[in-house]
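S.K.: Taking the hints into account, I'd like the entire structure generated from these sequences.
All residue numbers for the sequence shown refer to the numbering used here, where the first residue is 7 and numbers rise by one.
Simulated from the structure, these hints should not be mistaken for lab results.
On a predicted model such as this, the values are computed, not experimentally measured, just so you know.
Every residue, glycine too, gets a C-beta built ideally from N, C-alpha and C.
Warning: the hint list may mix true and false statements.
List time: in silico DSBU-like cross-link candidates among lysine-lysine, alpha-carbon distance up to 30 angstroms [what the hints assert, rightly or not]: (1) K154 with K320; (2) K14 with K104; (3) K112 with K88; (4) K70 with K301; (5) K108 with K14; (6) K306 with K341; (7) K322 with K340; (8) K104 with K160; (9) K88 with K127; (10) K134 with K112; (11) K301 with K276; (12) K88 with K160; (13) K14 with K189; (14) K127 with K160; (15) K41 with K88; (16) K41 with K306; (17) K134 with K88; (18) K261 with K70; (19) K160 with K14; (20) K342 with K301; (21) K301 with K41; (22) K341 with K320.
Computed Cβ-Cβ distance ranges for the label pairs, DEER-style [to be verified]: (23) K340 with R185: 40 to 46 angstroms; (24) Q30 with G166: 31 to 37 angstroms; (25) I125 with K306: 29 to 35 angstroms.
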Amino acid sequence: MTFEKEIKITEVALRDGSHAVSHQYTVEQVTTIAKALNEARIPYIEVTHGDGLGGSSLQYGLSKTDEMKLIEAAVAVSDFSKIAVLLLPGIGTIEDLKQAAKIGAKMARIATHVTEADIAKQHIETAKDLGMETVGFLMMSHMAPVEKIVEQAKLMESYGVDTVYIVDSAGALLPDQVRARIKAIRQAISINVGFHAHNNLSLAMGNTLAAIEEGATRIDGSIRCLGAGAGNTQTEVLVAVLDRMGIQTGIDLYKLMDVSEDVVSQILQKPQIINRDSLTLGYAGVYSSFLLHAKRAAEKFSVDSRDILIELGKRKIVGGQEDMIVDVAAELSKKKSGSACPSTYTT
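M.R.: The structure is reproduced here in structure tokens:
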């Protein structure tokens, strides 16, 4: 299989992977990783708090290092790679975006819930005015029908983005669902289409290949699978697979393998595996950031955190509604205490 267009990969371990290290990246770590990724000729390297610009907070997790210092450090060692930043309207601000651009970020990835593209208009337009390559990120794309996603992608295109991404934030999509979404927006818009996977159901690579086969040319990966939940599509593996398929990335595979083995593996607090927590996130279809909150609520109310997450998925709870986790835990505890037999929750 060969493709006319080169697949461009964005490395997200220095953003999505921030979740996996509790947002404790240091300037030294970011400098070392970004320099090595740049030498491996990764087109884009994303650097921010796991929840994007302005994410450092009690609600989302406090960063060890000011993210602007991390962005600045990555820019300083990247003469080939472009540094990208993520912004979620309502968490990050236009001023955050301007500051990131001022210190050298070249790409802005503006992320909204899959049905809320309209809240990103001013952020996208500002990014374009700043001369940044701009991406529209439609998060939790498993939660909307294809027709709705097409509508939202068209909105993003009308605001001026260069690329629209289908984002499988919970790692809940199946390959046929990825194909349907990518195919539909490829037919509806005239700009680049991208895909961001999570591996909670062990489908990140399969879903990514399905997206590419349907015409996605902008793909996210995380080296050593360093990302939220069970991680993302593993970058070094993806590059190897694409090379076997005759698909060009321009990335030095050997150097990428060395970064993974010699640098990133030393930072991982634990191996990125599909354990019961990450599997539950994918099965329930909820944000990985809900996990810690669910575990705390489960301990407080003596219920199973899996039941909480699955109930959140049934209710289609999205980011920003974390306060609902305690309410759900309290309800489950009340039902449990009022029943002689344990309750079973299914999707």
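S.K.: Hint compliance check: list the failing hint numbers for this structure, sorted ascending.
M.R.: 16, 21
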